[in-house]
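Trainee: For this one, chain A is given, so just place chain B on it according to the hints.
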Amino acid sequence: MRFRFLETGAGTAAFNMGLDEAVLESVAAGVAPPTLRFYRWEPRAVSIGYFQGLEEEVDLDACRRAGVDVVRRATGGGAVYHAAELTYSIVVPEEHHLVPRDVLESYWILCRGVIEGLGRLGVKADFAPLNDIISGGRKVSGNAQTRKRGCVLQHGTVLLEVDVDEMFGLLKVPQEKLRGKLIEDVKQRVTSVSRELGRTVGYEESLDPFKEGFAVALASELVAAKPSALEIERAAEIAAEKYGNPAWNRKR
Amino acid sequence: MTRPADGTGRFVGKIPGGKLLKLDVEYSGGRVARVRIRGDFFAHPEEAFDRVEVALQGVDPADFSRLLREAVAREGVTIYGVGVDDIVDAFERASDAIQVS
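First to last, the sequence lines map onto chains A and B.
Heads up, the final residue of the first sequence is numbered 252 in this note's numbering, and it's a clean run with no missing numbers.
Heads up, the final residue of the second sequence is numbered 101 in this note's numbering, and it's a clean run with no missing numbers.
Listed next, the stretches of chain A that the computed footprint assigns to chain B, with coverage defined by at least 3 CB atoms under 8 Å from CB atoms of chain B: (1) 41 to 53; (2) 75 to 84.
Here are a few chain A residues that sit away from chain B, every Cβ distance over 12 Å (derived from the structure): (3) E25; (4) A29; (5) R64; (6) G67; (7) H97; (8) R120; (9) K124; (10) E166; (11) F168; (12) Q188; (13) E221; (14) A224; (15) N249.
Restricting the straight-line Cα-Cα distance to at most 30 Å, the calculated cross-link-like pairs of lysine-lysine (BS3-like) are: (16) A/K211 to A/K148; (17) B/K14 to A/K177; (18) A/K148 to A/K251; (19) A/K124 to B/K14; (20) A/K226 to A/K148; (21) A/K181 to A/K139; (22) A/K172 to A/K139; (23) A/K139 to A/K211; (24) B/K14 to A/K181; (25) A/K172 to A/K187; (26) A/K172 to B/K14; (27) A/K177 to A/K187; (28) A/K187 to B/K14; (29) A/K226 to A/K242; (30) A/K187 to A/K139; (31) A/K172 to A/K242; (32) A/K124 to A/K211; (33) A/K148 to A/K242; (34) B/K14 to A/K251; (35) A/K139 to A/K124; (36) A/K139 to B/K14; (37) A/K148 to B/K14; (38) A/K251 to A/K177; (39) A/K251 to A/K139.
These are computed hints drawn from the structure, not numbers from a lab.
All values derive from a computational prediction rather than experimental measurement.
All C-beta atoms, glycine included, are put in the ideal place defined by N, C-alpha and C.
Pulled out of the complex, with its shape left as it was, chain A reads as follows:
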């Protein structure tokens, strides 16, 4: 079995989400094979889940001051601060044998790529339903899935480094007086590859281990490619019309 493998490097939040959706369109149309993509975010960004309230979750002024992009994802889940991380997306037709009908089971199967990649870097990790991957009881990866046009799109992040204080400087908290306690709680519940290994692991170093990890988990050969010209064009269109559009980002 073969997967197309795209490493698209740094992109803006709107373009990154636009390209995930453009790839979904081309896989759904049958013009591209199942695809695995790795990418990162430049500038740094906060993404929120489809069902979250933008103003309720994100300190928009703080993001503006820090030059941090803000985007609503097509997928559910929580707010994520995309800084030092590896982000992946997988697009597979729903009828593909890798994708069980059962959503929970499919999370587990697709998250195995992350777990295998972490293992290659020397970080032992496990799947924690519904959509997390943990190491030593702490979250090191969050994942989110949607199903559209007969395809599954799952994207997720692997925390290479984490700065909880910086992250909370960009997010709102339900009760301001409990901010300090919440930050301490999150510090206890979240970790990163660099923290687990006691040395800094960057994006470039993480690419090969995760590529190998996904190849094993998907039992597939990963064929390196570039997005098609049409996908790049569509990504830019979708970025402008949807993910860069306040009507979408403020819809909840």
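Mentor: Chain B only, in chain A's frame:
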């Protein structure tokens, strides 16, 4: 307990073993003018969940539970991390906490 006919109420809570649920309800003339269900849960298809929310506008609060279940079934929505019962419970609690606007 008699609830005010006009006002807004809110429930925020983490569902045990699940996700965070934030429900805001707006009452007008004793009916549900608007309900907003937010949080870090998942629902497939996402846009169908939006339609469920819209279907709950203008309903009699006594019918909320039944109409929510009917809309979820009609739209073919599956929710992960939060149950329909949790949404009903959040609605009742938000309605009990109405502040007159």
